[in-house]
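2 protein chains.
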Amino acid sequence: MDSAALLDLLGNENRRRILQLLARKPCYVTEISEYLGVSPKAVIEHLRKLEEAGLIESRVDDQRRKYFHIARNVRLEVNVSPYGFASKSAYPENSSFDVTTCRHLSLDVSWEGTDELDDLLRALEDLEQLENELSLAQRWVQGRLCDVLDQISETVGAGPESRIYADLLASIRSDPKSVGKLSADIDVPREIVAELLEAMADEGIVQRTERGWELTTNA
Amino acid sequence: MDSAALLDLLGNENRRRILQLLARKPCYVTEISEYLGVSPKAVIEHLRKLEEAGLIESRVDDQRRKYFHIARNVRLEVNVSPYGFASKSAYPENSSFDVTTCRHLSLDVSWEGTDELDDLLRALEDLEQLENELSLAQRWVQGRLCDVLDQISETVGAGPESRIYADLLASIRSDPKSVGKLSADIDVPREIVAELLEAMADEGIVQRTERGWELTTNA
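Line by line, the protein sequences are chains A and B. Using my numbering, read the first sequence as starting at 349 and increasing by one per residue. Using my numbering, read the second sequence as starting at 349 and increasing by one per residue.
Incorrect hints may have been included.
Identical copies carry no separate label here, and so any pair may be met within one copy or between two of them.
What the hints assert, rightly or not - Below, simulated DMTMM-like cross-link-like pairs (lysine to aspartate or glutamate); rule was C-alpha separation at most 25 Å, straight line:
hint, residue 1, residue 2
1, Lys-436, Asp-535
2, Lys-397, Glu-546
3, Lys-436, Asp-356
4, Lys-529, Asp-466
5, Lys-436, Glu-476
6, Lys-414, Glu-502
7, Lys-436, Glu-479
8, Lys-397, Asp-356
9, Lys-525, Asp-467
10, Lys-373, Asp-410
11, Lys-373, Glu-546
12, Lys-525, Glu-473
13, Lys-373, Glu-539
14, Lys-525, Asp-466
15, Lys-389, Asp-356
16, Lys-529, Asp-467
17, Lys-414, Glu-400
18, Lys-529, Glu-551
19, Lys-436, Glu-399
20, Lys-414, Glu-546
21, Lys-529, Asp-550
22, Lys-414, Glu-551
23, Lys-389, Glu-546
24, Lys-436, Asp-495
25, Lys-529, Glu-558
26, Lys-414, Glu-479
27, Lys-414, Asp-446
28, Lys-414, Glu-361
29, Lys-397, Glu-464
If you are wondering where the hints come from, they were derived from the structure by calculation, not from laboratory data.
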């Protein structure tokens, strides 16, 4: 599911309350309707949307009554900053995460395939704590990203379009590029790319060589 | 801003498109209206909501035209799983994160207060990579949490209310508690807490002593 569809779904308070309820325990339509104080018809419509999106599923009990439960893990992250608006969603169960390939991060959790209850409860506590630490770390990174982008803007004397300046500079830092290649790389029209490069060339920040545009050596 | 208010705001596609546009560059109402293909009146209403929430701000240029830009960093995280529905939002700039206090996490980034352009661009690249690694790690943790909760359910023979079982057990693991204290701790009615404890006592998972309810030693 893409993050836009997920945001559309979660943008409704009653759908959020339904998910909160189902995360506690599976429910029948009548239970949800009573708990929310919303008509069964409206509840059914919300459930339909959540089910279509794959967030919930239904089963039928011994009395042939249909009840709903949350179907799978979904994670959504949204960052809003003066330098970007990004949202992403993912299904954790498909995560092929290998911490040993991380360059900037290492984890220490006692996660082993244990089936002793006491070990499982300890693993639960550790994982919940790690989740919280990761969340704090992400806030820290987002704050530092903003600081770095502020400093880049200041260094190159960029005004309001400073995110584009930073993307341009980051793109040519390790590899000189033509205007066309840059335009495709950072998804900005050629004319604007050309204009910004000329402005930065006047400031002595970038230069054009036979290999393309690159940072000047004293930048 | 609480996460519910943020989800309400971001649940609208045109407001998301406005934020995407403003993250690129500050804009006038007419620019936004043309870009979105939406009437200036509707744009003004969206901008009002975003401004009230503190996500955007306006300034007036030399020609006294009002233009809008993103005001601050906001981060939103939502987890949906069969064991929980949680959303949280935070302002990264207020983050008092100290990585040295993390028990399960360590970071390695070359973040120093540098003002050399090349160093800044390298810091930008490192931070963006770390951001991605943290995001993958969080998906991994969410998946593992779900695995652990599945195993706990299986071990205690819990049915659909298994999250409550796990919360109960986690709460008494290190510290025996009374029904009343447990009910307050995990925010579940006393009757239900008492009923689940009795059921688990029958299975030999928990026991009642003079200190309160606790895990049985062979659990």
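A quick look at each hint next to the structure:
Taking CA atoms no more than 25 Å apart as the test, Lys-436 paired with Asp-535 passes inside one copy only; the shortest distance there is 19 Å, against 31 Å between copies. For the identical chains of this complex, Lys-397 and Glu-546 are neighbours neither inside a copy (51 Å) nor across copies (38 Å), given an alpha-carbon limit of 25 Å. For the identical chains of this complex, Lys-436 and Asp-356 are neighbours both inside a copy (13 Å) and across copies (17 Å), given an alpha-carbon limit of 25 Å. When the C-alpha separation of Lys-529 and Asp-466 is checked against a cutoff of 25 Å, the pair qualifies only between copies, where the shortest distance is 21 Å, while the shortest distance within a copy is 57 Å.
In this assembly of identical chains, Lys-436 and Glu-476 lie within 25 Å of each other by CA distance both inside one copy and across copies; the values are 22 Å within and 14 Å between. Proximity of Lys-414 to Glu-502 under the C-alpha cut-off of 25 Å is restricted to the inter-copy arrangement: shortest distance 24 Å between copies versus 60 Å within a copy. Taking CA atoms no more than 25 Å apart as the test, Lys-436 paired with Glu-479 passes in both settings, with 18 Å inside one copy and 12 Å between copies. In this assembly of identical chains, Lys-397 and Asp-356 lie within 25 Å of each other by CA distance both inside one copy and across copies; the values are 10 Å within and 17 Å between.
For the identical chains of this complex, Lys-525 and Asp-467 are inter-copy neighbours only, at 20 Å across copies versus 54 Å inside a copy, given an alpha-carbon limit of 25 Å. In this assembly of identical chains, the alpha carbons of Lys-373 and Asp-410 lie at most 25 Å apart only when taken from the same copy (17 Å versus 58 Å across copies). Proximity of Lys-373 to Glu-546 under the C-alpha cut-off of 25 Å is restricted to the inter-copy arrangement: shortest distance 19 Å between copies versus 61 Å within a copy. Taking the shortest alpha-carbon separations for Lys-525 and Glu-473, only the inter-copy value of 18 Å comes in at or below 25 Å, while the best intra-copy value is 49 Å.
When the C-alpha separation of Lys-373 and Glu-539 is checked against a cutoff of 25 Å, the pair qualifies only between copies, where the shortest distance is 16 Å, while the shortest distance within a copy is 57 Å. Taking the shortest alpha-carbon separations for Lys-525 and Asp-466, only the inter-copy value of 17 Å comes in at or below 25 Å, while the best intra-copy value is 58 Å. Proximity of Lys-389 and Asp-356 under a CA criterion of 25 Å is satisfied in both settings, with 20 Å inside one chain copy and 22 Å between copies. In the homo-oligomer, the alpha carbons of Lys-529 and Asp-467 lie at most 25 Å apart only across protomers (24 Å), although the nearest pairing inside one protomer, at 54 Å, exceeds that limit.
In the homo-oligomer, the alpha carbons of Lys-414 and Glu-400 lie at most 25 Å apart inside one protomer (16 Å), although the nearest pairing across protomers, at 42 Å, exceeds that limit. When the C-alpha separation of Lys-529 and Glu-551 is checked against a cutoff of 25 Å, the pair qualifies only within one copy, where the shortest distance is 22 Å, while the shortest distance between copies is 67 Å. In this homomeric assembly, Lys-436 and Glu-399 come within 25 Å of each other (Cα to Cα) both inside a single copy, at 20 Å, and across copies, at 24 Å. In this homomeric assembly, Lys-414 and Glu-546 never come within 25 Å of each other (Cα to Cα): the closest approach is 66 Å inside a single copy and 28 Å across copies.
Taking the shortest Cα distances, Lys-529 and Asp-550 sit within 25 Å of each other inside one copy (21 Å), while across copies they are farther apart (70 Å). For the homomeric pair Lys-414 and Glu-551, neither the shortest alpha-carbon distance inside one copy (69 Å) nor that between copies (29 Å) is at most 25 Å. Taking the closest pair of Cα atoms, Lys-389 and Glu-546 never come within 25 Å of each other, the shortest separation being 61 Å inside a single copy and 38 Å across copies. Taking CA atoms no more than 25 Å apart as the test, Lys-436 paired with Asp-495 passes in both settings, with 22 Å inside one copy and 23 Å between copies.
Within a single copy, Lys-529 and Glu-558 get their C-alpha atoms as close as 14 Å, which meets the 25 Å cut-off; across copies the closest is 74 Å, which misses it. For the homomeric pair Lys-414 and Glu-479, neither the shortest alpha-carbon distance inside one copy (34 Å) nor that between copies (42 Å) is at most 25 Å. For the identical chains of this complex, Lys-414 and Asp-446 are neighbours neither inside a copy (40 Å) nor across copies (48 Å), given an alpha-carbon limit of 25 Å. Taking identical chains as interchangeable, the C-alpha atoms of Lys-414 and Glu-361 lie at most 25 Å apart only when both belong to the same chain, with a minimum of 23 Å there against 33 Å between chains.
Within a single copy, Lys-397 and Glu-464 get their C-alpha atoms no closer than 39 Å, and across copies no closer than 51 Å, so neither meets the 25 Å cut-off.
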